[in-house]
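Please build the complex by placing chains R, Z and F on the supplied structure of chain W, with the hints as guidance.
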Amino acid sequence: MNARIFLTQLLGALGLIVILGFNVIIMDWWERKLVGHIHRRPGPMHTGWHGILQPFADMLKMLSKEDIVPDRADRLFFWLGPAVAVVPAFMALAVLPLAPGFALADIGNGLFFVFAMQTIMPFGYTLIGWSGHNKWSLVGALRSAAQLISYEIPMLIVALGILLAAGSARLTDIVNAQSTVWYAVKQPIGLLIFFITAVAEMNRSPFDMPEAESELVAGIHTEYAGMKFGLVMMAEYTAMLVGSWMIVLLFLGGWHLWPLPPSPVWLVLKLYLVQSGIIWLRGTYLRLRVDTMMEMSWKYLIPASLANLMLVGVLATTFKGF
Amino acid sequence: MDTYANLAALVLAGLVGLAFVFALYGAVKLLAPSRPYALKNATYECGHDPLGEAWVPYRLQYYAFAIIFLIFDIETAFFYPIVLVWRQIGTLALVETLIFVAVLLVGLLYAWKRGVLKWD
Amino acid sequence: MGLIENAERPNFILTTIDTLLRWGRSHSLWWCNAGSACCSLEFAAMGGARYDMDRIGSGLVRASPRQSDVLLIPGPITKKMAPIFVRVYNQMPDPKWVIAMGSCAISGGAFRESYSMTRGADTVLPVDVYVPGCPVRPEALFYGLLKLRARVRGTSNIGLAHREPIYVPPDLPPEWEAEVREFLGEHEAC
Amino acid sequence: MFGQGLLKGLSVTGRRMLGKTECDMYPYRKRVLPPKSRIFLSMRATPDGKALCNACLTCQQGCPDNVIRIEQDPEDRKRAVSFRVNSGRCTFCGICEENCPRHALTFTQDFERATFDKGTLTYALIADGTATGACVIVERTEPEHPASAEGGEDVG
Numbered sequence: 001m002n003a004r005i006f007l008t009q010l011l012g013a014l015g016l017i018v019i020l021g022f023n024v025i026i027m028d029w030w031e032r033k034l035v036g037h038i039h040r041r042p043g044p045m046h047t048g049w050h051g052i053l054q055p056f057a058d059m060l061k062m063l064s065k066e067d068i069v070p071d072r073a074d075r076l077f078f079w080l081g082p083a084v085a086v087v088p089a090f091m092a093l094a095v096l097p098l099a100p101g102f103a104l105a106d107i108g109n110g111l112f113f114v115f116a117m118q119t120i121m122p123f124g125y126t127l128i129g130w131s132g133h134n135k136w137s138l139v140g141a142l143r144s145a146a147q148l149i150s151y152e153i154p155m156l157i158v159a160l161g162i163l164l165a166a167g168s169a170r171l172t173d174i175v176n177a178q179s180t181v182w183y184a185v186k187q188p189i190g191l192l193i194f195f196i197t198a199v200a201e202m203n204r205s206p207f208d209m210p211e212a213e214s215e216l217v218a219g220i221h222t223e224y225a226g227m228k229f230g231l232v233m234m235a236e237y238t239a240m241l242v243g244s245w246m247i248v249l250l251f252l253g254g255w256h257l258w259p260l261p262p263s264p265v266w267l268v269l270k271l272y273l274v275q276s277g278i279i280w281l282r283g284t285y286l287r288l289r290v291d292t293m294m295e296m297s298w299k300y301l302i303p304a305s306l307a308n309l310m311l312v313g314v315l316a317t318t319f320k321g322f
Numbered sequence: 001m002d003t004y005a006n007l008a009a010l011v012l013a014g015l016v017g018l019a020f021v022f023a024l025y026g027a028v029k030l031l032a033p034s035r036p037y038a039l040k041n042a043t044y045e046c047g048h049d050p051l052g053e054a055w056v057p058y059r060l061q062y063y064a065f066a067i068i069f070l071i072f073d074i075e076t077a078f079f080y081p082i083v084l085v086w087r088q089i090g091t092l093a094l095v096e097t098l099i100f101v102a103v104l105l106v107g108l109l110y111a112w113k114r115g116v117l118k119w120d
Numbered sequence: 001m002g003l004i005e006n007a008e009r010p011n012f013i014l015t016t017i018d019t020l021l022r023w024g025r026s027h028s029l030w031w032c033n034a035g036s037a038c039c040s041l042e043f044a045a046m047g048g049a050r051y052d053m054d055r056i057g058s059g060l061v062r063a064s065p066r067q068s069d070v071l072l073i074p075g076p077i078t079k080k081m082a083p084i085f086v087r088v089y090n091q092m093p094d095p096k097w098v099i100a101m102g103s104c105a106i107s108g109g110a111f112r113e114s115y116s117m118t119r120g121a122d123t124v125l126p127v128d129v130y131v132p133g134c135p136v137r138p139e140a141l142f143y144g145l146l147k148l149r150a151r152v153r154g155t156s157n158i159g160l161a162h163r164e165p166i167y168v169p170p171d172l173p174p175e176w177e178a179e180v181r182e183f184l185g186e187h188e189a190c
Numbered sequence: 001m002f003g004q005g006l007l008k009g010l011s012v013t014g015r016r017m018l019g020k021t022e023c024d025m026y027p028y029r030k031r032v033l034p035p036k037s038r039i040f041l042s043m044r045a046t047p048d049g050k051a052l053c054n055a056c057l058t059c060q061q062g063c064p065d066n067v068i069r070i071e072q073d074p075e076d077r078k079r080a081v082s083f084r085v086n087s088g089r090c091t092f093c094g095i096c097e098e099n100c101p102r103h104a105l106t107f108t109q110d111f112e113r114a115t116f117d118k119g120t121l122t123y124a125l126i127a128d129g130t131a132t133g134a135c136v137i138v139e140r141t142e143p144e145h146p147a148s149a150e151g152g153e154d155v156g
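Those sequence lines, one after another, are chains W, R, Z and F. Everything in the first sequence is counted per my numbering, starting at 1 for the first residue and increasing by one. Everything in the second sequence is counted per my numbering, starting at 1 for the first residue and increasing by one. Everything in the third sequence is counted per my numbering, starting at 1 for the first residue and increasing by one. Everything in the fourth sequence is counted per my numbering, starting at 1 for the first residue and increasing by one.
Isolated chain W, as found in the complex (with noise of 0.2 Å):
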């Protein structure tokens, strides 16, 4: 370890975060402006060219708003739930690749250290809605937390599949085992199961029963204000977009797009095409209830996630091509 490695290193660091807020910015806006037109309303219109400024504003807004902690909140808990919330979806940005290799640590474990990050999000969720003191907000983090551990099963095994296939958990490995047929040719109920849970892992819509507005007053943040809520959101935008990352490299051929060279390109298109289907879901479905939302993963979700890797388990040992 020397001097060199680590101010690239930190360069890397400071380029993620470049990434994190472009995301967010971006997606803030074109989240308003496409759900605007699927109502038929242009979104977001005055603020720069087509309310590209939008985002801008509201960030503005936000970090001049006034930070309120209640009373009787628990004080070092309601500061440090949007921290435990954001960091762990940042260090999950770290492992995955743009490009083969390049990522701020290509590790072996690639695959699993995502998901243990991913497992990390149900924490912040519910310390941000425990440390409120807030009854809705309490409702909201139990909510989430039974909602995140439901979900995170069926992807597992999902993702168990994709291993067995590839044969290694290092991202850019599986990547590059799809340079010709994607996995969501091959495991086609995988990929079907894999972006369900990974929509409700990221809390979208029509499974955020954490912020269901029609029943808790804003769910887990309630009793937030200001850059603490801005946090919660961007929180929520990284959790999307490492979701929406995952579903590119594990099914979705990561960089490589069949007739045409491997490039950057491809995967950066992909996983703005996913997230705008994230959106576009959002637009359409209502939220599911909640009983109806936790069957769905235990009575559904995981005895088809178990068949499909069983299903996949038969075809990888009966022909060597698979």
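Derived from the structure by calculation, the hints contain no laboratory data. Where hints are given, some of them may not hold.
Straight line, CA to CA, 20 Å or less: simulated SDA-like cross-link-like pairs of lysine to any residue [said to hold, decoys possible]:
id, chain 1, residue 1, chain 2, residue 2
1, W, K135, R, A54
2, W, K33, Z, G47
3, F, K36, F, T106
On the chain W side, residues computed to face chain F include the following (Cβ under 7 Å) [claimed, not checked]:
id, residue
4, R40
5, P42
6, G283
7, T284
8, L286
9, R287
Because the structure is a prediction, the values reported are computed rather than measured. Note that the Cβ used here is the ideal one computed from N, Cα and C, for glycine as well.
Frame of chain W; chains R, Z and F shown alone:
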């Protein structure tokens, strides 16, 4: 060496992320007005006086789900090594995993039958 | 702490930051809809496709007052609800504004003579913009919002804390009714 | 088939997403309001700038919300010294317009009346005996309902 470099990179990423969050907190401290008073800092309960404690005991069902989650989570941890070397082992791996999954499914079915999975 | 609000006198850096912040605030006024009566539906129409307040960045109606900037009073305030409105207003973080929408929120409107109504939102809250109408057309509310934006953008915040606090929280007296009556005496003129 | 409805929903929103928006772009383009929409009161006047109002007080007495305050000239009871409208109380029911025997009151379609000061919501159609700027100068037209123009007194 490479492992340590990667580990250092991950730790560094975590620290930079934390620094980013606290830089934002610092900016808020600088830019935002702050006029706290008792009514403002009271718990928000749709405009009414806050009633009682919010940190109350909650339902046991969450615990049941947590236990089942633990079982399945450990199961995936067990699967992880066998899946990575699946192609070298071949049919034996398939048979072993099938038995393992069958045992797990029996457990899930038991929980299902006892009504643990029903959320009410 | 508050760099802007507690400044002694303006200087170049502070005014630049203040201008930036005012731009940000005016372009992202988020709502807290108190929803007390039927003007709320016209407000919903303003969020719809025809008028679309999201164009100017005010499209988010937050469920919690902690995340909103503008408290919208779209209807009459009963005397029983008045303390609740005051509490919700107080629990919004600074800076915050209030829009009284429709005749009922301005002066009591058709319910003016009722024993159970306050005569206008300004008897209990510091209202910034009054939007007359019954019900208010969505365009009219949009115009009110544009006026509020112009005011937010045009008012300097430097040294505001020294001049006056943005809002003095009213102590909610046990004899609430008597307090309201006292207020009514002052505002009877208009 | 299972999931058909889900796909149908996606196709509907997808078509909406790619189609045209239906926005009026309010501050830049203004919508033409329906001709009967009642927004703010104004006073009709004769071509030489005199208000048509003859201070009969029908509108003031018929108003359910006490919006209109008319002050008669003590010497000439058929002349209004001031005619004040408090639009902060008005429910825009239109009874005053219907009651007016001379069709002097009309509703304009000017809705941009939001204000920072509640006092400015009260405006005068006639002040010091002369019509103010809130008047709309029009030709005297024949009454649309001659029957109501006859009685005049106590309709509301």
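Evaluated hints:
no. : hint             : in the structure
1   : K135/W <-> A54/R : holds, 5 Å
2   : K33/W <-> G47/Z  : holds, 14 Å
3   : K36/F <-> T106/F : holds, 10 Å
4   : R40              : holds, 5 Å
5   : P42              : holds, 5 Å
6   : G283             : holds, 5 Å
7   : T284             : holds, 4 Å
8   : L286             : violated, 9 Å
9   : R287             : violated, 14 Å
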